[in-house]
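Chemist: Go ahead and model the full structure; you've got the sequences and the hints to work with.
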Amino acid sequence: SVLIIEKGKYIPPKDLDNLETTALDQMYEKHAMLTTKDGNLMILAGSTFGGGTTINWGCCIDTPDFVREEWADKYGLEQFRPSKSRTDEFDRSLDA
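So the sequence shown is residues 119 to 214, counted in this note's numbering.
Worth flagging that the hints you see were computed from the coordinates, not collected in a lab.
Take these hints with a grain of salt, some might be off.
When the alpha-carbon atoms are kept at most 27 Å apart in a straight line, the in silico DSSO-like pairs for lysine-lysine are as follows [claimed, not checked]:
| no. | residue 1 | residue 2 |
| --- | --- | --- |
| 1 | K125 | K148 |
| 2 | K155 | K132 |
| 3 | K192 | K202 |
| 4 | K148 | K132 |
| 5 | K127 | K155 |
| 6 | K155 | K125 |
Modeler: Printed below as a string of structure tokens:
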């Protein structure tokens with residue numbers, strides 16, 4: 119048997135209003151006001167059911183084509199070269 123303990127509160131999708139202020143208040147440690155001991159650094163630490171998947175999906179944006187072109191041209195990483203049809207494995211993973 120496996121027991122998984124989740125620290126964060128579960129917020130059903132129907133209760134999410136997609137407003138940043140609500141999310142910061144409800145889904146982050148200390149209502150997004152967590153700081154280092156000396157108060158010099160703010161720390162955004164998600165604290166909700168689902169962990170990183172729930173919090174981090176919003177910061178996962180596609181790598182710009184010009185960056186992928188540079189990776190392919192400069193470093194020989196052809197698997198990252200953008201395709202016009204978006205049919206290669208890397209593009210499909212971004213679209214998933």
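Chemist: So, for every hint listed, does it hold in this structure?
Modeler: Taking the hints in turn, this is what the structure says about them:
1. For a cut-off of 27 Å, the pair hint linking K125 to K148 stands: about 13 Å separates their Cα positions.
2. Simply put, K155 and K132 have alpha-carbon atoms about 36 Å apart, too far for the 27 Å limit, and the pair is violated.
3. About 20 Å separates the Cα atoms of K192 and K202, which keeps this hinted pair within 27 Å; it holds.
4. Proposed proximity of K148 and K132 is supported: the alpha carbons are some 23 Å apart, at most 27 Å.
5. About 25 Å separates the Cα atoms of K127 and K155, which keeps this hinted pair within 27 Å; it holds.
6. Pair hint K155 plus K125 holds up; C-alpha atoms about 22 Å apart against a cutoff of 27 Å.
The structure does not agree with numbered hint 2 stated previously, though it agrees with all others.
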